[in-house]
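Colleague: Letter by letter, the chains look like this.
Number of protein chains: 2
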Amino acid sequence: MTITNIAIAGSGIIGSSWAIVYARSGLDVAVYDRNPENRSGLMAKISKALDQSSALFAAGETTADVLARITVQDSLEAALAGADFVHECIEEKLESKKTIFAEFDRLTGPGTILATTTSSFPVSQFASDLACRERCIVVHPATPPHLLPVTEICPAPFTGPDVFDATFRFMERCGQTPIHIRKEIPSFVLNRMQAALLVEMFRCLNEGLVSPADVDKIISQGFGLRWAFLGPFEGVDLNSAGGIRQYLENFGFLFNNMANELGFEDVVTPQSIALLEDYTRAKIPLDSLGEKVAWRDQSIIALRRLKEERGTVDRT
Amino acid sequence: MTITNIAIAGSGIIGSSWAIVYARSGLDVAVYDRNPENRSGLMAKISKALDQSSALFAAGETTADVLARITVQDSLEAALAGADFVHECIEEKLESKKTIFAEFDRLTGPGTILATTTSSFPVSQFASDLACRERCIVVHPATPPHLLPVTEICPAPFTGPDVFDATFRFMERCGQTPIHIRKEIPSFVLNRMQAALLVEMFRCLNEGLVSPADVDKIISQGFGLRWAFLGPFEGVDLNSAGGIRQYLENFGFLFNNMANELGFEDVVTPQSIALLEDYTRAKIPLDSLGEKVAWRDQSIIALRRLKEERGTVDRT
Chain A
1 MTITNIAIAG SGIIGSSWAI VYARSGLDVA VYDRNPENRS GLMAKISKAL
51 DQSSALFAAG ETTADVLARI TVQDSLEAAL AGADFVHECI EEKLESKKTI
101 FAEFDRLTGP GTILATTTSS FPVSQFASDL ACRERCIVVH PATPPHLLPV
151 TEICPAPFTG PDVFDATFRF MERCGQTPIH IRKEIPSFVL NRMQAALLVE
201 MFRCLNEGLV SPADVDKIIS QGFGLRWAFL GPFEGVDLNS AGGIRQYLEN
251 FGFLFNNMAN ELGFEDVVTP QSIALLEDYT RAKIPLDSLG EKVAWRDQSI
301 IALRRLKEER GTVDRT
Chain B
1 MTITNIAIAG SGIIGSSWAI VYARSGLDVA VYDRNPENRS GLMAKISKAL
51 DQSSALFAAG ETTADVLARI TVQDSLEAAL AGADFVHECI EEKLESKKTI
101 FAEFDRLTGP GTILATTTSS FPVSQFASDL ACRERCIVVH PATPPHLLPV
151 TEICPAPFTG PDVFDATFRF MERCGQTPIH IRKEIPSFVL NRMQAALLVE
201 MFRCLNEGLV SPADVDKIIS QGFGLRWAFL GPFEGVDLNS AGGIRQYLEN
251 FGFLFNNMAN ELGFEDVVTP QSIALLEDYT RAKIPLDSLG EKVAWRDQSI
301 IALRRLKEER GTVDRT
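Taken in order, these protein sequences are the chains called A and B.
So in our numbering, spot 31 of the first sequence is number 31, and the numbers just go up one at a time.
So in our numbering, spot 245 of the second sequence is number 245, and the numbers just go up one at a time.
The reader is advised that the hints may include incorrect statements.
Since copy identity is lost for identical chains, a pair holds within one copy or between any two.
Derived lysine-lysine pairs resembling DSSO-like cross-links, with alpha carbons at most 30 angstroms apart [as the list claims (entries may be wrong)]:
#, residue 1, residue 2
1, Lys292, Lys45
2, Lys45, Lys93
3, Lys283, Lys48
4, Lys183, Lys98
5, Lys183, Lys283
Rather than coming from a laboratory, the hints here were simulated on the basis of the structure.
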């Protein structure tokens with residue numbers, strides 16, 4: 001499947017951000033929003049966002065070049081005409097998803113991929129009965145996708161493997177970082193991660209352990225400086241000379257204590273340790289971990305300097 | 001209390017990192033480790049770490065300047081002599097903490113603050129019966145403290161308010177970001193945050209939802225780019241035109257769903273919303289939120305460019 005023409009339905013924060021992702025990748029993008037006011041203000045809104053993110057353009061490109069690839073259409077039908085890839089970005093209501101995917105079914109041919117940017121609903125909840133269901137897939141980003149690369153790709157059991165493969169490769173081609181969600185679960189994985197951290201922050205706040213400012217600082221002046229460069233698992237890999245296996249064998253009980261406190265079984269098990277060892281040792285051998293620690297430390301220092309340069313716009 | 005002379009007991013990753021924090025702040029630091037091998041290798045180890053972090057030195061300072069303020073002592077007594085602030089950084093065992101704090105009690109005078117870098121044990125668990133208990137306080141950093149500023153300060157109920165105040169101001173003076181843990185709980189708050197996220201990552205991994213690499217990317221190619229600059233709460237504040245109050249009134253149920261799934265009561269309540277509104281609106285008024293969003297976006301773009309420059313040392 002060659003993807004060159006994109007249609008986007010819904011022009012809110014996510015829809016207009018996806019338009020930027022696609023247009024700056026050299027693709028033609030047609031956007032439809034059922035609200036005429038949203039349509040009339042859209043090109044100006046996108047133009048401003050393009051100006052602010054021009055550092056991420058391909059070499060030599062200008063806002064005008066990228067903007068020229070985007071059109072706003074007055075009907076869904078016009079937007080979908082000739083589209084290879086449709087990205088639904090409308091309101092997060094199950095009934096609305098059902099309605100618009102029935103429209104997609106009626107208005108698109110068998111070669112068109114039908115993606116939803118839903119953050120909550122697996123495709124099976126709204127497209128199971130449609131003839132087009134093999135072409136339907138979740139493509140859910142972090143917000144906003146034109147700045148944050150990670151993007152969840154969650155096929156339904158009935159999604160065609162070729163549709164999954166083409167979507168995954170397409171996201172890579174657009175400079176995103178696609179991740180494969182292997183089973184359909186409500187809210188997928190990305191939002192679960194954020195919620196797990198936020199819930200614990202709320203708990204500490206509600207128990208009076210810390211102020212809101214202080215619990216934020218734990219991340220923005222602490223772990224966030226590491227996590228900008230390293231996922232938490234590969235970060236843990238650097239905490240012992242023997243890598244993540246040694247760390248978890250020594251300190252995995254801390255995570256199991258937390259899991260047990262939350263009512264779960266142990267999460268650090270021989271199986272999960274083996275998985276994580278395979279993952280980390282394929283990245284970098286044990287005898288080079290010191291090199292990675294030095295790289296991490298230099299990266300954190302560079303980030304601290306960047307943060308000093310950026311300053312703050314807060315009043316206090 | 002004027003703090004100019006520091007003693008550190010224990011020269012592992014954390015102890016030697018604290019030595020760097022203090023010495024580069026212009027303070028004299030005496031380090032003792034009960035293991036002679038650790039002592040003999042210490043200056044070379046610290047010298048290397050200083051070379052690698054010289055970007056964080058005060059203007060005009062060299063590794064030699066900073067290193068000249070650090071001495072390694074052959075006895076605990078020698079290290080403690082004349083110290084205004086003692087930082088215990090020995091092994092994480094309760095019995096060992098008890099033993100060394102009894103030594104501190106015997107060897108230090110009433111003007112010396114006795115800090116522990118423990119990640120697990122509230123001071124009440126090991127210093128309640130000592131005459132020095134008013135001078136005892138937890139000062140627990142993210143690892144390593146010479147790179148990550150956030151530092152938990154947790155007094156015991158019997159810790160002197162002047163000891164708390166002096167310790168807090170001292171950390172600020174050393175360029176750290178102290179946060180006040182208001183009640184003694186095992187493992188404090190910092191490690192709970194990390195564990196909450198890691199446990200959810202393990203759960204998604206163990207349920208076969210994602211690969212280890214993909215769950216790491218959710219952070220390092222997603223939320224981590226925001227959290228490098230903004231705590232999660234102030235990040236959420238930017239997700240609605242009406243700030244965090246509006247966001248939580250509309251979407252707080254997502255966090256409550258997660259909390260309920262974990263067996264907790266609702267975490268988003270009128271009380272927590274009010275707390276967070278006070279916090280965020282003191283930072284920046286609603287009509288300036290757009291300015292902060294633009295600042296965030298430019299910061300993320302600058303970080304993405306930094307990450308490109310830094311590359312990776314991974315083999316795959």
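Colleague: Are the hints correct? Go through all of them and say.
Modeller: Status of the hints after comparison with the structure:
no., hint, in the structure
1, Lys292 / Lys45, "between (41 angstroms within a copy, 17 angstroms between copies)"
2, Lys45 / Lys93, "within (25 angstroms within a copy, 58 angstroms between copies)"
3, Lys283 / Lys48, "between (39 angstroms within a copy, 25 angstroms between copies)"
4, Lys183 / Lys98, "within (21 angstroms within a copy, 50 angstroms between copies)"
5, Lys183 / Lys283, "within (25 angstroms within a copy, 41 angstroms between copies)"
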